[in-house]
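Here are the chains, one letter per residue:
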Amino acid sequence: MNGLKFSRKQLGIPYAVFLIAFVVVPLLLIILYAFTKKVPADKATFTIAGESVSFAVSNFSDFFSKSANIRVLFVSFGLAIITTVVSLLIAYPVAYILSKSKFNKGGVLLVLFILPLWINFVLRTAAMKELLYFIGMYKSNSFSFVNTLIGMVYDYLPFVIMPLYSVLVKIDKSYAEASADLGAKPATTFLSVTLPLSMPGIVSAISMVLLPTTTSYVISDTLGNGNVTIVGKIIETQFLTMDNWHAGSTIALVLLVIIFFSMFLSGKFTEEKDESATRGTLW
Amino acid sequence: MKKFFALFLSFSLWFSLLPLFGEGEVVELRVYNWEDYISIDDGSGESVDLIKKFEQHCKEKFGLNVKVKYSTFGTLENMYNELQLTKTKAEDGSYTYAYDLVCPSDYMLQKMIIEGMVEKYDYTIEEGKLGHVNGYYDNASKFIVDLFKKFGWQDYATVYMWGTMGYVYNPAVFEKLPGYKKGDEAHWDFIWKEYAKNLGTIKDSIRDTYALALGYVYRDELTELAKSYKSGSLTKDQYADKLVALFNRADEESVKKVEDALSVLKENIYGFEVDSGKKDMATGKIAINFAWSGDAVYTLDTADEDENGAELYYAVPEEGSNIWFDGWVMPKGANVPLAQEFINFLSQPKNAKANMDYIGYTSAIGGEEMFENCVENYGTYIMVECEAPKEGEAEKAEEKPAEGEEEEEEAKPFLDKESGKYYCDKYVGELSEEELNKFKNADGTYNFLYPDYDKDDNVTGMHKEENVTLYKNDLNYFFANKTTDAAEEKKDFTVITDVGRQCSAQYPTEDIVSRCAIMKYFDDTEMRRLNDMWDEVKVSSSGMSMVVPVIIVVLTCLVFIVVAIMKRR
Numbered sequence: 001m002n003g004l005k006f007s008r009k010q011l012g013i014p015y016a017v018f019l020i021a022f023v024v025v026p027l028l029l030i031i032l033y034a035f036t037k038k039v040p041a042d043k044a045t046f047t048i049a050g051e052s053v054s055f056a057v058s059n060f061s062d063f064f065s066k067s068a069n070i071r072v073l074f075v076s077f078g079l080a081i082i083t084t085v086v087s088l089l090i091a092y093p094v095a096y097i098l099s100k101s102k103f104n105k106g107g108v109l110l111v112l113f114i115l116p117l118w119i120n121f122v123l124r125t126a127a128m129k130e131l132l133y134f135i136g137m138y139k140s141n142s143f144s145f146v147n148t149l150i151g152m153v154y155d156y157l158p159f160v161i162m163p164l165y166s167v168l169v170k171i172d173k174s175y176a177e178a179s180a181d182l183g184a185k186p187a188t189t190f191l192s193v194t195l196p197l198s199m200p201g202i203v204s205a206i207s208m209v210l211l212p213t214t215t216s217y218v219i220s221d222t223l224g225n226g227n228v229t230i231v232g233k234i235i236e237t238q239f240l241t242m243d244n245w246h247a248g249s250t251i252a253l254v255l256l257v258i259i260f261f262s263m264f265l266s267g268k269f270t271e272e273k274d275e276s277a278t279r280g281t282l283w
Numbered sequence: 001m002k003k004f005f006a007l008f009l010s011f012s013l014w015f016s017l018l019p020l021f022g023e024g025e026v027v028e029l030r031v032y033n034w035e036d037y038i039s040i041d042d043g044s045g046e047s048v049d050l051i052k053k054f055e056q057h058c059k060e061k062f063g064l065n066v067k068v069k070y071s072t073f074g075t076l077e078n079m080y081n082e083l084q085l086t087k088t089k090a091e092d093g094s095y096t097y098a099y100d101l102v103c104p105s106d107y108m109l110q111k112m113i114i115e116g117m118v119e120k121y122d123y124t125i126e127e128g129k130l131g132h133v134n135g136y137y138d139n140a141s142k143f144i145v146d147l148f149k150k151f152g153w154q155d156y157a158t159v160y161m162w163g164t165m166g167y168v169y170n171p172a173v174f175e176k177l178p179g180y181k182k183g184d185e186a187h188w189d190f191i192w193k194e195y196a197k198n199l200g201t202i203k204d205s206i207r208d209t210y211a212l213a214l215g216y217v218y219r220d221e222l223t224e225l226a227k228s229y230k231s232g233s234l235t236k237d238q239y240a241d242k243l244v245a246l247f248n249r250a251d252e253e254s255v256k257k258v259e260d261a262l263s264v265l266k267e268n269i270y271g272f273e274v275d276s277g278k279k280d281m282a283t284g285k286i287a288i289n290f291a292w293s294g295d296a297v298y299t300l301d302t303a304d305e306d307e308n309g310a311e312l313y314y315a316v317p318e319e320g321s322n323i324w325f326d327g328w329v330m331p332k333g334a335n336v337p338l339a340q341e342f343i344n345f346l347s348q349p350k351n352a353k354a355n356m357d358y359i360g361y362t363s364a365i366g367g368e369e370m371f372e373n374c375v376e377n378y379g380t381y382i383m384v385e386c387e388a389p390k391e392g393e394a395e396k397a398e399e400k401p402a403e404g405e406e407e408e409e410e411a412k413p414f415l416d417k418e419s420g421k422y423y424c425d426k427y428v429g430e431l432s433e434e435e436l437n438k439f440k441n442a443d444g445t446y447n448f449l450y451p452d453y454d455k456d457d458n459v460t461g462m463h464k465e466e467n468v469t470l471y472k473n474d475l476n477y478f479f480a481n482k483t484t485d486a487a488e489e490k491k492d493f494t495v496i497t498d499v500g501r502q503c504s505a506q507y508p509t510e511d512i513v514s515r516c517a518i519m520k521y522f523d524d525t526e527m528r529r530l531n532d533m534w535d536e537v538k539v540s541s542s543g544m545s546m547v548v549p550v551i552i553v554v555l556t557c558l559v560f561i562v563v564a565i566m567k568r569r
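Those protein sequence lines, which keep their order, are chains A and B. Our numbering applies: residue 1 is where the first sequence begins, and numbers increase by one. Our numbering applies: residue 1 is where the second sequence begins, and numbers increase by one.
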């Protein structure tokens, strides 16, 4: 039996291999593709996958010199930010009530809210389209944006409820009681005690929704009838229709940088919080 | 190496495990085709599993154990990427691809030929040997074969399915709309019309939609060309060349014009679709769909089968349109004889028929058998008086046919309860002039009794329609391909059918076909130009109105964060 004992380091090896193979290497490949471009064989510095390439930054200048690309970034992030804000506005009260509710013994109510996640994503989106059609949201193509927004919020709501709930449920009741004892009105208690304490949940919810919504073009294609184009669609076109992996990787990298930047900002914000609260995040 | 990178970038693993089971030596035929593009056994009992039949065919005729490894793709670009990712380099620097037979469409087929990815057909294989490909050349329509010869593709490809591009539309919707004139649907600007607002969808694909917009932008030029062809100042070949040149314009001026046209169209349509157009047409969500004729037939069939479905029609723009085709090519390194045998097999009229019935697309195979299939499926049938069934037979007909019994015998006459007369359904083309005249009105139109069918094609009733115009669809150019013996009577391939319905979608008249061009392959620069244009169109200009709320939200968040941090300190 002694032979089966592993040290912590050894146990970590599979995870390290996994991370390197499926996170680090792909990321490096994206960077490599983003900074190279296809050239005729005689001008090539090296070849990747049978394609002669040389280093270039022209992918980036090509991307930013097209006004459609700038617009698509604005549309995508506009849609993503609005989705995130709307989801938070809907999810916060839900999570708050669930965390307090006597009915939520054993988390049954919570499961009901998470349940849609267990149904296939494409099916959910198609069902939503039928529903929206039924209530007349497809009478004009000017509703496309709103329809897309509704679909996005619907699909990502569980990802917002979960982290908020898990943070809220861990907040000690005595904080709120102390605040009330000291004469604070419920509104003040909420704003200056509960809300700041739940900040880690909010940040984690944002990080779960913001990036996926900029790229989940299945929803915008299905519900927006293709009238709403987001950056994920542009990446897809570059990879599949244009067979230009370099341009596609460039856009993916630009997105990644923007997301890193926004995560860095929100990370700064939560660092100030005390340890016990941060531990409550689910993801 | 390429495979290695693809693995990581796509985050997915593709194992190509090729287990070889079974007795004896098994030869594998790797076929790579469009999704839903061959007849398989769908459990209804009517469809034929052609893949299994082919394996049997090889076993019986050549004693070969063949296993067909059949895989499918959804887009041509996916197919092309897959071919590139799975190729292996031989010692002499040439590439071998992982498939024996691939079915790309027009422009991709040309691209593959230009890039030297495909094997030449081996026409030297003798009759009776595996891969003697004359099965295709004996049966395929002369029209299609000539078309391929003209472009010089006959050495590399054979045609599987072909068709035209046009509008599927729902006349019931438009007849109610002010501004609509009958015949509008046969013009490119149909979907641009004001009355069509929010009624139409176009394809969410650069190439198809570009062709649509080109037709619209140059519709006047197209009309001029057609006029000069009719007046005789252009020969048939000159006209065809001009058409091809026009539909393959990708210069900056044309692209700009297309961009403007599509920006206008974007505001007028219901949306862009990938595959939902067929369903949305059948269920009545939309009333125009720009489609390939094959999809059009499928849509019309779906709508007909649905009880609440609309009666849909298909029209090819009169100014001139495009012909599309899907052809079989053999990538380098393919098992040529076996691949050719597969094509041979599919070209047999009975198999081509099974395929057409299953897919709804138009096969490249011509000849009598195919023509009769067309008549049977989509010819105009009317009810004519016929003799009462003999005693006993009528009773027998009341009973349900026993299981397994062939329904080959004459259909039972239908008893009209009101008049007490018996009627049979009959194809109009089978009636003599005299018989037809009985239904004729003074103005040359007809009053017919039409049969109503249940889903097993039994007559369940009939209804009367007045002032019907008979439409004759002359398909001699397509079907009369076989060099008939002098003794044999020359057959006339003209089908009487409803204009604009399945039959005319499947088989356009020679007139329409003569006005159609073939799309060519755009090079990288042209494709990039098209893609830039497409991005401009797809990303709405209303996107800029999003800027303000985005900036406001971002700024508020920043201010909030800064204030909160300062407070804490």
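Calculated from the structure, these hints are not laboratory results. One or more of the hints may lead you astray.
Here are the simulated SDA-like pairs of lysine to any residue, each with C-alpha atoms no more than 25 Å apart in a straight line [claimed, not checked]:
id : chain 1 : residue 1 : chain 2 : residue 2
1  : B       : K278      : A       : F64
2  : A       : K38       : B       : K242
3  : B       : K285      : A       : T125
4  : A       : K38       : B       : F522
5  : B       : K257      : A       : F64
6  : B       : K89       : A       : L29
7  : B       : K197      : A       : V146
8  : B       : K332      : A       : V146
9  : A       : K139      : B       : T302
10 : A       : K37       : B       : I114
11 : A       : K66       : B       : D275
12 : B       : K567      : A       : S142
13 : B       : K111      : A       : V146
14 : B       : K242      : B       : I512
15 : A       : K43       : B       : D280
16 : B       : K279      : A       : F134
17 : B       : K266      : A       : Y92
18 : A       : K139      : B       : I114
19 : A       : K38       : B       : R528
20 : A       : K66       : B       : K197
21 : B       : K567      : A       : S174
22 : A       : K43       : B       : Y229
23 : A       : K139      : B       : K197
> Which of the listed hints are not met by the structure?
Replying inline: 1, 2, 8, 11, 12, 13, 15, 17, 18, 20, 22
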